[in-house]
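Trainee: What follows is the residue order along each chain.
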Amino acid sequence: MEALIAIAIGTLTATGLYLILRQRTFPLILGLSLISYAVNLFLFASGRLAPGLPPIIDKAATGYTDPLPQALVLTAIVISFGMTAVIVIMALGAWFSGGDDRSDTGGGE
Amino acid sequence: MIHLTIAPVILPALLAPLLLFMRHNLGLQRAFGLAGTLALLVLSVLLLARTAQGPAAYRLGDWPAPFGIILIADRLAALMLALTATLALVIQTYAVATGWDQRGRHFHALYLFQLMGLNGAFLTGDLFNLFVFFEVLLIASYGLMIHGSGTTRLRAGIQYVAFNLIGSTLFLFALGTLYAVTGTLNMADLAVKIAALPPADHALIRVAAVMLVGVFAIKGALVPLHFWLPGTYANAPGPVAALFAIMTKVGAYAILRTTTLILPQGTPAIGPLLADLLMPAAALTLVVGAIGALGTRSLPRLAAFAGLASIGTLFIAIAAQTPQATTAALYYLIHSTLATAAIFLIADQISAQRGGRLSAGPRLASQGVLAALFFATAIALAGLPPLSGFLGKLLILTALPDAPLLWTVILTTSFLLILGLSRAGSTLFWTTTEARTEAAPPSPLALASIAALLALLAALTLFAGPITDWLAKTAADLYAPVAYIAANGLGGLQ
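Heads up: the protein sequence lines correspond to chains A and S, in order.
Position 75 of the first sequence, counting from 1, maps to 75 under my numbering, and the rest follow consecutively.
Just so we're on the same page, my numbering is the position in the second sequence counted from 1, plus 109.
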């Protein structure tokens, strides 16, 4: 199970990094989203993987999984949602005012 | 619980949405915005007075410390709050005086949200809460960065946003690793737990430490993570670039907390790892900044590289990790923030009249005053007597007694900075063509705000004695964090 999650996080991070380094804003935003998936999985896994156990107190539960990383992941998802909205709007603004979606400033000042 | 501790976060958080209701009335926005920043200054001075008696803690929701989030105002946090509020008030006055706040929407609301993020980042005692406040201050800075639009500004803004989003992701990786190894994210609790880690976990903590310092190095623009700074600062609106002078100091503050509280020098888990990484990076940053300042042909970029050089000097003092070096670092931090802000404001005034190129051009309106202000700021930035740059560098050099290589780097780069700044000054003011510029003369209030920053630098020099005494006590508190850890009240339910 750990190996599967680790491979998934690694693949998502690698793909995300490759896309970020493309010099267009659309792959950049996709790459940032993939990396945020990877980091959310990583945070989730930092509480140790406990399949099938609840995070909230439950009279019928045999054990619990760590609820704090799940709260951290929720916070991170909400924050990256806001950030993605901001960068999409900025990319659209650059597209409409500049004519193309290159993410470099064209060299010089 | 001391409610004064959370006031610098709550006040802008409540005031900024109110400003959104006033979005059609610029006068009201300006009045409430300036009043809010003034109130923040008063609150930070009150906190400064309060922290003389020891750290003031505030538990959110009254949950005990490792399980709940805690805000702690110790001397260092109060110092950073006061510096932020002072800088913010002067820059906001400048933005109002020059009409920068009219060139886009919601300037004052974004400004207050930025201050909320900065204050929260300085006050928090929990690493994940630090991440959250970093994001608050970053998202407000994205809005401020693209204020006034323009294609180049938007593209530079996208690069800035992307760089910082990658940094935030790295921060989350570091937090996940730290939590997985120690089971806590409260800074004082981490300090206690990391000091007692079994050797099997040392490798993971080293990884987490490097990632954490890497994130703060991105914020603080240390080489090789500095590439975002020149493009961003050169393309941001003038007052926004001046406010960004405190944003790099958030990175410096965070590294200071990490290297004194969470991962201090004697920690068996990491050994000398952090100092080995930070010192060469800081020296390289200083060199890159000085060479860049000498080689650029654009005034905003000159200001950005001069700011980069002063950050490099600051980090050299922080990486030395002794109480004397930290005192020098704190003094230089105050100086660096004010001087970098001043040169960005002056660069904005000059660029508004004749564009940003460092070449011969028409005579400026109010050239005498602008030249005098540029001269004073250049003296401060380059580290020449009599202003605080000289005292700051002197304090740093005396705190590094057996480091001939560092002395060489600091002195040579000071020389390069003097060369670059004086070449810029003489090109801008002494090689004027016959024509007179048709631009309007600068607003007196704008010039007064730049002069206010320089007056603060002069006050920093004149009162250097009492200030360094106070900073020495702050640094001593940092290296013996018993009071800070005790203020957390750990061991609540254990």
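If you are wondering where the hints come from, they were derived from the structure by calculation, not from laboratory data.
The model shown is predicted, which means the values in this text are computed figures rather than measured ones.
Be aware that a few hints might be false.
Stated by the list, open to error - A few chain S residues facing chain A, derived, Cβ under 7 Å:
| # | residue |
| --- | --- |
| 1 | Phe130 |
| 2 | Arg264 |
| 3 | Thr278 |
| 4 | Phe282 |
| 5 | Phe499 |
| 6 | Leu503 |
| 7 | Ala549 |
| 8 | Pro550 |
Note that beta-carbon positions come from the ideal geometry of N, C-alpha and C, so glycine has one too.
Trainee: All hints are to be evaluated individually against the structure, with a verdict given for each.
Mentor: Status of the hints after comparison with the structure:
Hint on phenylalanine 130 (chain S) is violated. Least Cβ distance to chain A is approximately 21 Å, over the 7 Å limit. A least Cβ separation of about 5 Å between arginine 264 (chain S) and chain A falls short of the 7 Å threshold, and the interface hint therefore holds. With a cut of 7 Å, the hint placing threonine 278 (chain S) at the interface with chain A holds, because the nearest CB-to-CB distance is about 5 Å. The interface hint given for phenylalanine 282 (chain S) is met, as the beta carbon of that residue sits about 6 Å from the closest beta carbon of chain A, less than 7 Å.
The beta carbon of phenylalanine 499 (chain S) comes no nearer than 31 Å to any beta carbon in chain A, farther than 7 Å, and the hint placing it at the interface is violated. A hinted interface residue such as leucine 503 (chain S) counts as satisfied when its beta carbon comes closer than 7 Å to some beta carbon of chain A; here the least separation is about 35 Å, so the hint is violated. Taking 7 Å as the C-beta cut-off, the interface hint given for alanine 549 (chain S) is violated, the closest approach to chain A being about 24 Å. Interface restraint check for proline 550 (chain S): the shortest CB-CB distance to chain A comes to about 26 Å, outside 7 Å, so the restraint is violated.
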